[in-house]
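What follows is each chain in one-letter form.
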Amino acid sequence: GENVEQHPSTLSVQEGDSAVIKCTYSDSASNYFPWYKQELGKGPQLIIDIRSNVGEKKDQRIAVTLNKTAKHFSLHITETQPEDSAVYFCAAELTGGGNKLTFGTGTQLKVEL
Amino acid sequence: NAGVTQTPKFQVLKTGQSMTLQCAQDMNHEYMSWYRQDPGMGLRLIHYSVGAGITDQGEVPNGYNVSRSTTEDFPLRLLSAAPSQTSVYFCASRRILGEGEQFFGPGTRLTVL
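The listed protein sequences derive, respectively, from chains L and E. The first sequence begins at 52 in the working numbering and counts up one residue at a time. The second sequence begins at -19 in the working numbering and counts up one residue at a time.
In short, the hints are calculated from the structure, not lab data. Just to be clear, a hint being listed does not mean it is correct.
Listed next, the in silico DSSO-like pairs over lysine-lysine satisfying Cα-Cα at most 27 angstroms (straight line) [as the list claims (entries may be wrong)]:
1. E:K(-6) <-> L:K88
2. L:K108 <-> L:K88
3. E:K(-6) <-> L:K93
4. L:K109 <-> L:K161
5. L:K93 <-> E:K(-11)
All chains, full assembly: derive it from the sequences and hints.
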């Protein structure tokens, strides 16, 4: 089955700096890679996703890049703000194949003033 | 739409007690699932359902039962609670398995003494 590794487990940045979270996956057939943000006391919420036919996707201050050859994908947050502080999860899946999302272990991001 | 709802938000049990965690969604999603979240271990799949009357085991099913009598509801039952089941539990739904965004509920924090 799929295995997803996520690093780092904790990340502290100064407000305005960029943050990068990296994930690797094991199944080269996986073709869908979502990122979730979990605020304190709440459930995870999808913030951006990418499919294997795209190398990069942006949405305002967040972007995701995918390297299929190396089997890794990354979340980039620019101009970080205090409200970006949360736990971020990556996941991987082969869509349409009856497979389920496999999640990474999460990254606690803290944006310091 | 209320999305995915869960009750209760908090629960304390004694070892050996039983209880049911409730989950409901109003998006007419066929796929529903239960996860537990433990520090450093990410989101682990307990049980899932691809439609009313159909359930299957996930990664960590021992000690939990589920049923799916309607499209909307997917309760999780702990038959005899153990301290190892102390965790935060999330219900999630998706239009169908392997397709579309997965939505999470707000979670239930369970402590077993």
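Outcome of the hint check:
{"no.": "1", "hint": "E:K(-6) <-> L:K88", "result": "32 angstroms, violated"}
{"no.": "2", "hint": "L:K108 <-> L:K88", "result": "17 angstroms, holds"}
{"no.": "3", "hint": "E:K(-6) <-> L:K93", "result": "25 angstroms, holds"}
{"no.": "4", "hint": "L:K109 <-> L:K161", "result": "22 angstroms, holds"}
{"no.": "5", "hint": "L:K93 <-> E:K(-11)", "result": "10 angstroms, holds"}
The structure fails hint 1 only (numbered hints given earlier).
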